[in-house]
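> Whole structure, please, built from the sequences with the hints as guidance.
2 protein chains.
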Amino acid sequence: MNRTHRAGADMRVAILGFGNVGRALARLLAAEGDRPAGRAGTSFLVTGICTRTRGTLIRPEGVDLVRALDSIEREGLLPGAEALFPSTPARSTAERFILECPADIVVEATTLDARTAEPATTHIMAALSAGKHVVTANKGPVAWHFRQLEASARANGVRLLFESTVMDGAPVFNMARRCLRGCSILGFRGILNSTTNLVLDLMEEGATLEDGLAKAREMGIAEADPSLDVEGWDAVLKTTILATVLMDSHLSPAEVHREGMVGLDPARLDAARNAGRVLKLLCEADGTGARVRLAELPRTHPFSIVRGTSSALTIATDLMGEITIFEDDPGPIQTAYGILADMIEIAEGN
Amino acid sequence: MNRTHRAGADMRVAILGFGNVGRALARLLAAEGDRPAGRAGTSFLVTGICTRTRGTLIRPEGVDLVRALDSIEREGLLPGAEALFPSTPARSTAERFILECPADIVVEATTLDARTAEPATTHIMAALSAGKHVVTANKGPVAWHFRQLEASARANGVRLLFESTVMDGAPVFNMARRCLRGCSILGFRGILNSTTNLVLDLMEEGATLEDGLAKAREMGIAEADPSLDVEGWDAVLKTTILATVLMDSHLSPAEVHREGMVGLDPARLDAARNAGRVLKLLCEADGTGARVRLAELPRTHPFSIVRGTSSALTIATDLMGEITIFEDDPGPIQTAYGILADMIEIAEGN
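Just so you know, the sequences run in chain order A and B. First residue of the first sequence? That's 1 in our numbering, and the numbers climb one at a time after it. First residue of the second sequence? That's 351 in our numbering, and the numbers climb one at a time after it.
By construction, these hints were calculated from the structure, which means they are not laboratory data. Please read all numbers here as calculations on a predicted model, not as lab measurements. Careful: at least some of the hints might be erroneous.
Said to hold, decoys possible - Between beta-carbon pairs, the in silico distance windows are:
1) B/616 / A/307: 27 to 37 angstroms
2) A/348 / B/569: 38 to 48 angstroms
3) A/217 / B/598: 37 to 47 angstroms
4) B/636 / A/349: 57 to 67 angstroms
5) A/62 / B/638: 30 to 40 angstroms
6) B/638 / A/219: 24 to 34 angstroms
7) A/147 / B/620: 44 to 54 angstroms
8) B/620 / A/307: 23 to 33 angstroms
9) A/102 / B/605: 49 to 59 angstroms
10) B/637 / A/157: 42 to 52 angstroms
The beta carbon of each residue, even a glycine, is placed where N, CA and C say it ideally should be.
Next up, the structure:
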């Protein structure tokens with residue numbers, strides 16, 4: 001493991017994509033000032049922000065994050081970004097940004113196309129090839145191309161981390177990497193898609209699928225394309241990532257059994273309730289494969305109390321038995337913390 | 351952090367105390383052969399076992415663990431141990447063993463006297479002073495003397511780890527140390543004493559406190575001295591350790607508010623049930639202090655489904671919000687894994 005960056009040093013960070021996640025990270029870094037840095041022994045200097053339609057900034061001496069957030073929220077544009085790459089099309093802008101922004105870490109937080117995993121995969125490959133560490137909140141590239149991306153990271157002596165792709169900032173991959181040493185992971189099951197979990201709760205109370213989805217959109221938790229949630233794709237991507245990283249599986253998302261909520265008969269919810277059970281969209285993998293399915297759980301099952309946007313993951317191991325992590329009602333700050341935790345992990349060179 | 355021992359090297363381990371915990375560790379190491387070692391890149395060689403009344407063994411070339419386990423279970427004595435330190439009294443035997451057994455790590459697993467924390471504290475100090483790492487499953491020394499023990503470990507360039515003192519092998523301290531980097535821990539609450547949790551469950555079903563305790567003893571989960579459980583002392587020790595390590599508190603166990611189950615009126619359980627609530631012995635700490643108390647939780651509370659010997663801990667942080675770990679129905683192997691995880695942590699020199 002290369003230890004180019006020691007505790008106490010500044011790490012320069014380029015933020016690619018400045019939607020909810022990118023802004024939450026900027027807010028976290030701006031609000032905390034040097035604190036997370038101070039606490040973990042490293043400070044982070046954001047040297048650039050690249051957006052698709054709101055301009056791109058490179059400031060080797062450090063971006064004024066408060067001003068950037070203020071400007072993008074009031075004006076819809078990054079401050080003083082108009083002059084950079086004026087005649088370059090959006091996609092090439094990102095590629096030029098990755099190469100030209102002086103950074104140790106590229107935070108990839110662009111909008112996901114879950115089906116093609118683009119343009120995020122191209123961005124990540126470009127950053128790794130340029131010898132930059134990558135932290136991504138994007139499930140698509142990791143679910144579809146983990147082996148290739150990991151090989152590129154290794155070949156370039158850098159790291160690719162993605163804690164926030166599953167359960168936001170809850171330490172899923174970090175825990176498996178650091179805290180279950182010596183254990184073999186035999187399988188897992190989880191409730192990992194907020195939208196479907198919330199919609200199932202609301203449907204149990206009498207709402208229709210459409211009402212439930214409207215509510216999830218209103219709360220800002222649904223994927224931009226709701227079919228990703230209700231068809232089970234988001235859950236499939238997360239299941240693939242977990243199976244790949246925790247169990248060294250070689251499954252592609254297309255090989256994960258996928259049951260979504262499309263056409264769910266409300267009578268099935270009633271029947272479950274009358275039997276003292278609750279319907280949940282379960283993500284699971286074991287020695288026989290991986291699947292996303294609607295499962296009826298008894299009210300005594302730990303997952304039965306995972307309501308709304310909360311999530312849960314049980315990891316089954318040989319030595320430690322079963323261990324479960326719950327994340328309670330996360331918001332954007334938890335996703336941003338997942339990214340920060342990866343940045344700290346890289347800075348510490350673990 | 352000293353990195354005297356690199357991955358791949360053997361680490362020599364002296365086991366002090368060969369009751370349930372020590373034997374479970376020996377069984378784990380024996381059954382797995384080189385596997386946990388192989389997986390984590392280090393192998394462990396048990397070079398000695400010291401018991402109070404069943405003999406003491408030192409084998410620099412490695413103890414035959416299968417034979418030792420077999421002999422102690424059939425004969426009540428370690429094999430070929432009769433001749434070692436024949437005229438030395440039990441307490442001095444342990445001290446000679448700590449000094450004379452060639453070991454990098456001393457696993458301290460003697461019987462706990464929770465009130466005096468002895469003889470475990472003396473053993474641990476002796477091992478640290480002799481420049482040996484210590485892994486202990488004993489709550490008493492850590493709860494009563496953490497600062498002093500930690501100072502001694504630092505002064506001697508070794509480590510003192512104790513993952514299995516709270517929630518067996520579930521990675522509580524490891525997670526806080528490795529997976530919440532950059533977060534401040536604001537507080538915690540947990541269900542951490544198996545015996546009282548089981549007894550409360552049984553009392554809810556109509557059993558008396560005495561019936562419940564008899565069942566816990568039958569299952570082998572009650573402390574040797576049941577007053578440690580029912581008076582809340584075990585919970586207080588765990589609460590103290592968590593507050594000290596996670597929140598840098600300077601509370602002694604005597605300063606933790608302690609409510610146990612002594613004299614619990616069954617009517618209180620009935621009243622809770624009739625109100626749709628469940629009575630739990632809660633361990634908690636926040637900015638205002640630390641306490642162990644009987645709390646009425648609604649049936650929708652995640653802790654309401656922690657039944658029998660299972661346990662749960664919620665950690666409240668500034669950046670990550672609340673994260674909860676559940677451990678499902680642990681047995682001796684989980685406690686042994688907690689010790690093994692610490693041994694691996696030491697071997698990796700993190």
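> Hints first: check each against the structure and report whether it holds.
Comparing the hints with the structure gives:
1. B/616 / A/307: 27 to 37 angstroms: 31 angstroms, holds
2. A/348 / B/569: 38 to 48 angstroms: About 43 angstroms separates the Cβ atoms of residue 348 of chain A and residue 569 of chain B, which means 38 to 48 angstroms holds.
3. A/217 / B/598: 37 to 47 angstroms: Distance hint for residue 217 of chain A, residue 598 of chain B holds at roughly 43 angstroms.
4. B/636 / A/349: 57 to 67 angstroms: 34 angstroms, violated
5. A/62 / B/638: 30 to 40 angstroms: Hint holds: Cβ distance 39 angstroms, inside 30 to 40 angstroms.
6. B/638 / A/219: 24 to 34 angstroms: Given range 24 to 34 angstroms: holds, Cβ gap about 33 angstroms.
7. A/147 / B/620: 44 to 54 angstroms: Taking Cβ atoms as reference, residue 147 of chain A and residue 620 of chain B lie about 58 angstroms apart, which means the hint is violated.
8. B/620 / A/307: 23 to 33 angstroms: 28 angstroms, holds
9. A/102 / B/605: 49 to 59 angstroms: Holds, at about 52 angstroms.
10. B/637 / A/157: 42 to 52 angstroms: 44 angstroms, holds
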